[in-house]
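Enquirer: Residues per chain are reported as follows:
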Amino acid sequence: MMKWLTTTNHKEIGILYMATTGVFFVIAGLLALVMRLQLAQPNETLVSPSAFNELFTLHGTAMIFLVIAPFGFGLANYLIPLQIGAPDMAFPRLNALGVWLFIISGLVVFSGVFAAGGAAFAGWTAFAPLSGIQISTGGGEDLWIIGLLLNAIATIMVAINFITTILLYRAPGMTMWRMPVFTWEMLATALMILMAFPALAAVLFELLIDRHYGGHFFDPANGGNVVLYQHLFWFFGHPEVYVMILPYFGVVSEIIAVFSGKPIFGYVGLVLSAFAIAGLSMSVWAHHMFTTGAVANAFFSAMSFLIAVPTGVKFWNWIGTMWRGNIRLTTPMLFTIGFLLNFLLGGITGVMIASPPIDYHAEDSYFIVAHMHYVLGGGSLFAVLAALYFWWPKFFGVKLSEALGKWNFWTMLVAFNVVFLPMHFMGLEGMPRRVYTYQPYGDLPWLNLISTIGALLMALSVTLFILNVVVTTIERKSAFALAGGPPLPDDPWGGANSLEWATSCPPPEFNFEALPPIRSERPTWDLNNVSS
Amino acid sequence: MKAFIALFFSSAAFGAVAAIVYWFSSREYAGTILLGLMALGLGFAAGYALLAEREANLAGDSETLQHKETAGEDLGIFTKESAWPILLAFAILWLLIGVVWSPFMMYTGLGAMLLILWRLGAESARV
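Chains as they are written, first to last, in our numbering: chain A, 1 to 532; chain B, 533 to 659.
Bound conformation, chain A alone (with noise of 0.2 angstroms):
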């Protein structure tokens, strides 16, 4: 116990990480689900709507700043090291901060439920004068505020470490251009937490200053201006969103070169696209404002279309890489095909709502709701399950279980389009987001009711998973005693390219008793293909 709490051992900082988001998923999850059993039926009553405010504040704050985005930060912390040949992390103290931060401040925000006037209830935004003191008058709103700094400092902490290794712990023969994709993508994500998350944290002081400072920031009574509330945290917010999916490019971008048994197709045209989306993410965030009147509709929207060229970019070379391979369906290569079906919906509606007079009908109505839970949720969620299964064996020494983690994807896959799905149409058809029930209008009912129990099978198939990790856990000491030691190779997939699987599965406390020589951007498939 000590071990973990002490420790800056990037291989345990990274599964600290990961472990904890493991549990806000659930906690989240099991929030989401309370929320369709309240929308299964037309006037249902089985949260107020205090409570049901409470409920997508949490959910929506869990999943985007305690799931999806410090998974990538996880897995990252995991990877770098090993796949630039590193020992550690460049300052490893650092890093460990950053995981108490992190997990402090999820237990900050949730703590909010047992405040005088409950959890903080403004939705993820917070916008003022919501999160104001005026009408977020307890505790709660407080508690999420300081939850959100502590994120806000773990996760710059977070890009310095990335950035500084990246750029200086490279092994000899690892130059910029021979890295890994997942490598890269960290790189132009730490860059956009470096432009980006201060001014979360500008926004977040001057939010407490207006609620006890006596500040007027956001009170237009006062000289101030709830607009300038939403122009800093949709500057956060926006990049904060590829935050959460250039990692998930690099997973998939390495699942589907091994899988596909062939050197990734455009390596450099998917870096430079990860640079141009970063670049592109900074000048696109008022498009979540389009409705205010308030910003120049012409200049976001234009780099809002703009920004769907680079992510094409990559699409066109992940088929590129399949294209004439020698596919294995493996369970990680599944949900990468998942992503890329779900993402590529998710992707289009994005491009639609980029276009002012169509965001005029969707914005905060359910067409929203399946736009960011496609990308998100059928984006990185699935990317999140892809690298999990992929690389579970190189950091536990054993492969999860390849039936349960097929009937995992099936379940989930249709799972999640029937939760999914219907929302676009829920959303045109009128429906508003963040509402606790609706009239029995149109069709709304129905296909309320398919997407609670798409939820419902969500459940089941997330249970799947956590099945797998339980038998493959229980199973792991006899199959170490069986061997002698770690029962799996090197490279237990077969076909890797990059540097951790060159070295044990889990690797040793400095990653390599011995580095390969790196000539390629495969040096591993260069160790077990070619003759030196």
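Rather than coming from a laboratory, the hints here were simulated on the basis of the structure.
Certain hints may be false.
Dumping the calculated SDA-like pairs for lysine to any residue here, alpha-carbon to alpha-carbon at most 20 angstroms [what the hints assert, rightly or not]:
(1) Lys3/A - Phe622/B
(2) Lys3/A - Pro508/A
(3) Lys534/B - Ser365/A
(4) Lys534/B - Thr175/A
(5) Lys600/B - Asn589/B
(6) Lys612/B - Arg93/A
(7) Lys534/B - Arg519/A
(8) Lys600/B - Trp493/A
(9) Lys406/A - Phe510/A
(10) Lys600/B - Leu168/A
(11) Lys612/B - Phe510/A
(12) Lys262/A - Arg93/A
(13) Lys534/B - Phe510/A
(14) Lys612/B - Thr6/A
(15) Lys534/B - Leu597/B
(16) Lys612/B - Pro507/A
The structure presented is a predicted model; accordingly, all values stated were derived computationally and were not measured.
Since the structure of chain A is already known, use the hints to place chain B on it.
Expert: Frame of chain A, contents of chain B only:
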């Protein structure tokens, strides 16, 4: 390293162009300043890296260097374990709670932070 410098300078240039175009299309201060600061920050990072690269001789930037040629190189401090990070995390939490609710907690939290940072420095000197 050259790739990093090129990418960060390009991003800085993009930020500068975006700030100018944004100002003339919207005349909005907050976004223009944010984009401009972004360009400045990225430009600073790239400029610093450009200057630092002149003195640096990174093993990772060599396409042909063998591992044995860098054997014994000092890569810095890699602590195996340290209690200070988790203690510092709680000190920061104490400080922030104090910012909202209690000046006493705020000042003691700040004091605890400084104390822990001092001990962290001492730990680095020992390793």
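Enquirer: Now, for every hint given, state plainly whether the structure supports it.
Expert: Hint check:
no., hint, result
1, Lys3/A - Phe622/B, "18 angstroms, holds"
2, Lys3/A - Pro508/A, "16 angstroms, holds"
3, Lys534/B - Ser365/A, "46 angstroms, violated"
4, Lys534/B - Thr175/A, "10 angstroms, holds"
5, Lys600/B - Asn589/B, "16 angstroms, holds"
6, Lys612/B - Arg93/A, "9 angstroms, holds"
7, Lys534/B - Arg519/A, "18 angstroms, holds"
8, Lys600/B - Trp493/A, "30 angstroms, violated"
9, Lys406/A - Phe510/A, "34 angstroms, violated"
10, Lys600/B - Leu168/A, "18 angstroms, holds"
11, Lys612/B - Phe510/A, "10 angstroms, holds"
12, Lys262/A - Arg93/A, "38 angstroms, violated"
13, Lys534/B - Phe510/A, "28 angstroms, violated"
14, Lys612/B - Thr6/A, "9 angstroms, holds"
15, Lys534/B - Leu597/B, "17 angstroms, holds"
16, Lys612/B - Pro507/A, "15 angstroms, holds"
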